[in-house]
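Trainee: End of the sequence shown = 468 in my numbering, gap-free, step of one.
Hints listed in this document are in silico derivations from the structure and should not be mistaken for laboratory results. Where is the CB? At the ideal position from N, CA and C, for every residue including glycine. Mixed in with the good hints there might be a few duds.
To be verified - Listed below are the simulated DSSO-like cross-link pairs for lysine-lysine, each with C-alpha atoms no more than 30 Å apart in a straight line:
1) K358 / K406
2) K423 / K393
3) K330 / K297
4) K457 / K441
5) K417 / K441
6) K403 / K338
What the hints assert, rightly or not - Okay, the calculated beta carbon distance ranges per label pair:
7) F289 / G394: 51 to 61 Å
8) N421 / A398: 18 to 28 Å
9) P420 / R353: 12 to 22 Å
10) C425 / R344: 37 to 47 Å
11) V426 / E460: 17 to 27 Å
12) F449 / C425: 16 to 26 Å
13) E286 / I321: 15 to 25 Å
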Amino acid sequence: MATDGEGDSSGENPSGGNPSGENLNGENPNGEFQYDGGEGLALKGNLKGADTNPKRSSGEGSSKSQLEGGELSGGDAGTGSKGKGSVGDSSQRAGATSPWTKRSHGDVQPEVEVVNGVASIQIPEEIFDESELLWKIYVVGYFIGDAPHVGPVHATVNCIWSSPKAGSKIDVQFIEKNTVLFRIDNSSMRDRVIQRKYWHIADVPLVVSVWSPESALHPPDHSAMPLWVDIKGVPNALYSHKGLKCLSRAIGGFVKLHPNTKHCVRLDAARVLIEVDLHKPLVEKISFRDQEGVQKELEVNFPWLPA
Numbered sequence: 162m163a164t165d166g167e168g169d170s171s172g173e174n175p176s177g178g179n180p181s182g183e184n185l186n187g188e189n190p191n192g193e194f195q196y197d198g199g200e201g202l203a204l205k206g207n208l209k210g211a212d213t214n215p216k217r218s219s220g221e222g223s224s225k226s227q228l229e230g231g232e233l234s235g236g237d238a239g240t241g242s243k244g245k246g247s248v249g250d251s252s253q254r255a256g257a258t259s260p261w262t263k264r265s266h267g268d269v270q271p272e273v274e275v276v277n278g279v280a281s282i283q284i285p286e287e288i289f290d291e292s293e294l295l296w297k298i299y300v301v302g303y304f305i306g307d308a309p310h311v312g313p314v315h316a317t318v319n320c321i322w323s324s325p326k327a328g329s330k331i332d333v334q335f336i337e338k339n340t341v342l343f344r345i346d347n348s349s350m351r352d353r354v355i356q357r358k359y360w361h362i363a364d365v366p367l368v369v370s371v372w373s374p375e376s377a378l379h380p381p382d383h384s385a386m387p388l389w390v391d392i393k394g395v396p397n398a399l400y401s402h403k404g405l406k407c408l409s410r411a412i413g414g415f416v417k418l419h420p421n422t423k424h425c426v427r428l429d430a431a432r433v434l435i436e437v438d439l440h441k442p443l444v445e446k447i448s449f450r451d452q453e454g455v456q457k458e459l460e461v462n463f464p465w466l467p468a
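With the hints as constraints, model all of the structure from the sequences given.
Mentor: As structure tokens, then:
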């Protein structure tokens, strides 16, 4: 058994010198790590994460010193330039890759001349192309009465106006309390909606028309609106399309017959859609003489009136 201060026979001395010159607690000259587990066995292994390549270490140190010295700041790492390029060069590079200055195919560049702060511009003829006007895909609607919430409006118009074949949905946005804009990308769908003009959305009458800068500044007068009208007691001789159209003109402008009236589901009353001027007194009865000269009186009823 070795005494204190002397190396043992195995060449390992936990408390004294080490004849082999190895450091038991760190790196040896060969870059290996030794650990005495207490049983006299040395476990050797390369240090994890240690880089023993002097060339690579030298390269990393050089790069670090260059960065600290500012040699690569703002410059080209591939050429080792110091990045002191002119402002014009950097702006050209930014303009070449900037999405704000990207020119699309076929973009027309007008001629511009600025004199005393006034820019004179020559607009090319192809700029005046009506097919690309942004507002032409919109239709404006005016609710007669309290407008429904935007949610039911959006759901209803996408149900009754759009179709799966069209492949496009309708966007809805209110611009005033009772005025709404509909974005309809499909041209045939948009024409159909405008042609009909009168709709009922969530039981509230809606009048639609073309949206344009002119209509935005001067909204049309919608005091006259289509209403369903029941005419009771119509004689058999007048229960025809021509006869009911003639009677309807005593109330307002004839629009169309109700399907139940057209199919003769009820014969005691005829329901007709009539454009009624709400600024005038509503007609309550229609009086006329029949073919035999007998005075007749028909009752007029409005199932719904705007509040």
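Trainee: Each hint should be assessed against the structure and marked as holding or not.
Mentor: Cross-check of the supplied hints:
no.	hint	result
1	K358 / K406	holds (19 Å)
2	K423 / K393	holds (15 Å)
3	K330 / K297	holds (16 Å)
4	K457 / K441	holds (24 Å)
5	K417 / K441	holds (21 Å)
6	K403 / K338	violated (39 Å)
7	F289 / G394: 51 to 61 Å	holds (59 Å)
8	N421 / A398: 18 to 28 Å	holds (20 Å)
9	P420 / R353: 12 to 22 Å	holds (19 Å)
10	C425 / R344: 37 to 47 Å	holds (41 Å)
11	V426 / E460: 17 to 27 Å	holds (19 Å)
12	F449 / C425: 16 to 26 Å	holds (22 Å)
13	E286 / I321: 15 to 25 Å	violated (41 Å)
This entry does not satisfy hints 6, 13, going by the numbered hints stated previously.
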